[in-house]
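Each chain, written out:
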Amino acid sequence: MDKIIKMTALVAPMDRANVDTDAIIPKQFLKSIKRTGFGPNLFDEWRYEDVGQPDSDNSSRPLRKEFVLNQSRYQGAKILLARENFGCGSSREHAPWALKDYGFDVVIAPSFADIFFNNCFKNGIMPLVLDESIVDQLFQEVFAQEGYSLTVDLEKQEMVKPNGDVIPFEMDAFRRHCLLNGLDDIGLTLAHQNEIKAYEAKRKQEAPWLFASLEHN
Amino acid sequence: MSAKTLYDKLWDAHLVREEEDGTALIYIDRQLLHEVTSPQAFEGLRLAGRKPWRIDTNLATPDHNVPTTDLTGGVASIKDPVSRIQVETLGMNAREFGITEFAMGDIRQGIVHVVGPEEGATLPGMTVVCGDSHTATHGALGALAHGIGTSEVEHVLATQCLIQKKMKNMLIRVEGQLQKGVTPKDVVLAIIGEIGTAGGNGHAIEFGGQVFRDMSIEGRLTVCNMAIEAGARVGLVAVDEKTVEYVQDRPYAPKGDDWDMAVTAWMDLKSDDGAFFDTVVEVDGSTIEPQVTWGTSPEMVVDVNGCVPDPAKEADSVKAEGIQRALDYMGLKANTPMTEIPAEYVFIGSCTNSRIEDFRAAAQVLKGRKISSSVELALAVPGSGLVKQQAEKEGLDKIFIEAGFEWRNPGCSMCLAMNADKLPAGKHCASTSNRNFEGRQGAGGRTHLVSPEMAAAAAVAGHFVDVRDYL
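Protein chains in written order, with our numbering: chain A, 25 to 241; chain B, 2 to 472.
Just so you know, these hints were derived from the structure itself, not from any lab. Take the hints with a grain of salt, since some may be wrong.
Straight-line C-alpha distance at most 25 Å; calculated DMTMM-like pairs for lysine to aspartate or glutamate [said to hold, decoys possible]: (1) K58/A - D81/A; (2) K58/A - E44/B; (3) K166/B - E182/A; (4) K52/B - D39/A; (5) K226/A - E20/B; (6) K314/B - E182/A.
A few chain B residues that face chain A, going by a derived Cβ cut-off under 7 Å, partial list only [claimed, not checked]: (7) D30; (8) V37; (9) G92; (10) T160; (11) E195; (12) N202; (13) Q249; (14) G257; (15) Q390; (16) Q391.
Ranges between beta-carbon positions, derived for each pair [said to hold, decoys possible]: (17) H216/A - D317/B: 44 to 52 Å; (18) E170/A - P82/B: 38 to 46 Å; (19) S83/A - Q178/B: 19 to 27 Å; (20) Q180/B - K30/A: 57 to 65 Å; (21) G206/A - K52/B: 40 to 48 Å.
Since the structure is predicted, the reported quantities are computational estimates derived from the model, not experimental observations. Ideal placement from N, C-alpha and C gives every residue a C-beta, glycine not left out.
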């Protein structure tokens, strides 16, 4: 996984609450058996006039011009500014895959749905939770100023606005460590395999039925 | 020892290790797999040259892409090539890694969240995961069940563990007695209406109180299924005699001495008196009315005798905009009585409401009645081959067919329209599923979430009605 340490990037505003993962990546695109290539279908129903299919040529589809990501001023954005409960609904990891494939490395919101929040970290996306009042203020500034960029510094756990104001943010130490170092969770867990085996041995005594094989049926 | 909640007990029993900052490894007893969220996980294992940790505790079944019409051709009967590849890929991965799969054509195939409990593959006290947010369903049996992403599916395959932080405890206590015609679906929709779709974020919800004690296991499965619609990954109900009776003699339930030992352990799967909950919500069950959603989020719900809300009456501007956007999408005007909204499509199915009791309840309403001529399509989609078989044994299929429903084969179907069952743009659907998001049942489709009884009554009337007038 790519390391994320510090970046400065354009911000795109997604000004609606409860953006669900069906909206982030509609179901017809979940039929892919790959992790990549979802970017052109990010927010598909909001972004295009027609209904996209996995085999559509997205470059020739009619765009909804008013949709935020279709506006020229937000092209190249890597930071998505969002409202409360972003990523609610389905557990589909295709949602962070689509955001990442489109180019987003950071999503800022007052709150995130739990599963989506978790999935972000597995894919090198930083979901940053900020107070609603700060998010409100950022929305106003992004709308007011074309080319509005933020610097996100994961090492220092702070964001810097164009005017130099600093906004600190919190992040769980373990997750921050994994993002900073681009670590693979499975490798980390397997480093504790003796403890997993010890747990299984003890548990087998207490609850042997949990270790019955599903094959013999 | 201090008093523990049911969630605390399940957590403690599965804790492998915990870091100082609270990051923990918890052991996973069972993983359920379906075709949509697993291919990239198997691919990840292959690329890293990793083997599954404990292969015989995984159970796979295709559900999202499976057609509900003719299945005689097996996987080849899937016309959409992309869907077919996904289902074939699940089969290939199951064979390559040696995972038990209930493939298309197996009577046990169905929606994972129906199949797990039905087979006894979900047991009280287990940790259960699946790459599907509705895994919360299994908590109805006193199991700690989470929906996870595909990276975590791979992580569980490789290590039999998940990296987690402990959630907060929430108790939703519903006391009193439900009115006639008020179902588990209405209870959970009313709860979501009360606490909102983010109300349970960061929490494991335990559903407690008289209403859940009185409720059947299948009703509890419906309630826990929608915990995620209240923002909580985990929904739980304490184990009682009904749970034990439900599990007994299921194919994968423990037998003999193991059974006796298991039952003894399961009887402790309840919150201790005085256990601490971070959040407690109280609802008076006797006041709950049949529910219908009007908007594009499950929290946008009202009593069937209520009206579509008016954004002009909402003080919060973000919320008012949200209401207006939902009304525009749904093609509804503020203050319209819910009973004036047409039901052009009807869908009875999904992991929320596709068990035998759901079909029995809907059949009660449909018996001796015909669906309205204004209904364009009414689908009854059992949750598994075994549910379908049981319904047919009871003659329920005939009641549905005589009323004008199509009686289909099991799968997720029009809940999310990954197969050919799609809600057309602009059409209103009375649906027993769990999400009324924009485009969920088909691009431009307009979903109204209801109970199976309410869906059946709407099919007969051609618009939403109070099912109590039909009982």
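Enumerate the violated hints, using their earlier numbering and listing them in ascending order.
4, 6, 9, 11, 13, 14, 15, 16, 19 and 21
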